[in-house]
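Those sequence lines, one after another, are chains X and L. 1 is the number of the first residue of the first sequence in our numbering; add one for each residue after it. 1001 is the number of the first residue of the second sequence in our numbering; add one for each residue after it.
I should point out that these hints are in silico values taken from the structure, not numbers from a laboratory. Think of the CB as a built atom: it goes at the ideal place given N, C-alpha and C, for glycine as much as any other residue. One or more of the hints may lead you astray.
As the list claims (entries may be wrong) - Computed list of chain L residues with no C-beta within reach of chain X, every gap over 10 Å:
hint: 1; residue: N1007
hint: 2; residue: S1012
hint: 3; residue: P1014
hint: 4; residue: G1016
hint: 5; residue: S1020
hint: 6; residue: N1022
hint: 7; residue: T1024
hint: 8; residue: R1060
hint: 9; residue: N1066
hint: 10; residue: Q1080
hint: 11; residue: D1083
hint: 12; residue: H1116
hint: 13; residue: P1117
As the list claims (entries may be wrong) - Listed below are the simulated DMTMM-like cross-link pairs for lysine to aspartate or glutamate, each with C-alpha atoms no more than 25 Å apart in a straight line:
hint: 14; chain 1: L; residue 1: K1042; chain 2: X; residue 2: D26
hint: 15; chain 1: X; residue 1: K7; chain 2: L; residue 2: E1045
hint: 16; chain 1: L; residue 1: K1042; chain 2: X; residue 2: E58
Stated by the list, open to error - These stretches of chain X come out as covered by chain L in the derived footprint (C-beta under 8 Å, 3 or more residues):
hint: 17; stretch: 19-33
hint: 18; stretch: 42-54
hint: 19; stretch: 107-115
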Amino acid sequence: SAVISQKPSRDICQRGTSLTIQCQVDSQVTMMFWYRQQPGQSLTLIATANQGSEATYESGFVIDKFPISRPNLTFSTLTVSNMSPEDSSIYLCSARTYRVSLDTEAFFGQGTRLTVV
Amino acid sequence: QKEVEQNSGPLSVPEGAIASLNCTYSDRVSQSFFWYRQYSGKSPELIMSIYSNGDKEDGRFTAQLNKASQYVSLLIRDSQPSDSATYLCAVNVMTNAGGTSYGKLTFGQGTILTVHP
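Input sequences plus hints: build the corresponding full structure.
Right, here's the structure in full:
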């Protein structure tokens, strides 16, 4: 298993500003994923971060709005840029390591509860 | 059709009963399936993974997989009030980005389970 430390756990931000969320994993992992979870909703994948290459974004999410870094195998950041109240949500980072024959489970950070005012 | 669809909730069962959670998926080639539990205000935690057709038991939990019917379920025996949570079905979907193949999890919308004393 992997332990993921995510920070900040919550923040209240002014519209128009940016917030960077950090995720630190206690072991090397292949892929890291960033999700958004609106209240009462399921998890929506924002992007996948692979070390050494640009992040891959899902439909509806763009790099200018959600730039991601993945400088090494244990760390990633997600920035929510030029925030508006619609960005208020919980942001979760996740990590997976892949075995040869099986796809492993994903582990999650504690989440960042973002409120934009 | 949604990629991963769970039975609509919320589901309410009495303590000691069996709770049955169902999930269907659209990607025929998916090979890995996961059930996560999410308590309110917390991040998802893995309960079960299943890769082969049939049943897999772990304590009070049994996951069932039928790839031909594209169906996966979770049974919780002897339900306890502490089982009250949202249960998320996740299906591994293979994708390719920048020449790298990897699996990403697609989540269902979740089923809210309440176990009442």
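A quick look at each hint next to the structure:
1. N1007: Given a closest Cβ separation of 14 Å, the condition holds.
2. S1012: The claim holds: S1012 of chain L sits with its nearest Cβ about 17 Å from chain X, beyond 10 Å.
3. P1014: Given a closest Cβ separation of 24 Å, the condition holds.
4. G1016: holds (28 Å)
5. S1020: Per Cβ check, S1020 of chain L is outside 10 Å of chain X; nearest 19 Å; holds.
6. N1022: holds (15 Å)
7. T1024: holds (15 Å)
8. R1060: For R1060 of chain L, whose nearest Cβ neighbour in chain X is about 19 Å away, the distance exceeds 10 Å, so it holds.
9. N1066: About 19 Å separates N1066 of chain L from the closest Cβ of chain X, which puts it past 10 Å; holds.
10. Q1080: holds (23 Å)
11. D1083: holds (19 Å)
12. H1116: Check passes; 20 Å lies beyond 10 Å.
13. P1117: For P1117 of chain L, whose nearest Cβ neighbour in chain X is about 24 Å away, the distance exceeds 10 Å, so it holds.
14. L:K1042 <-> X:D26: Between K1042 of chain L and D26 of chain X the Cα gap is close to 20 Å, so the pair holds against 25 Å.
15. X:K7 <-> L:E1045: holds (18 Å)
16. L:K1042 <-> X:E58: Status holds; Cα separation ~24 Å.
17. 19-33: That given contact holds, which follows from 3 residues of the stretch 19-33 of chain X lying within Cβ reach (below 8 Å) of chain L.
18. 42-54: holds (count 7)
19. 107-115: Three-residue rule met by the stretch 107-115 of chain X, so holds; n is 5.
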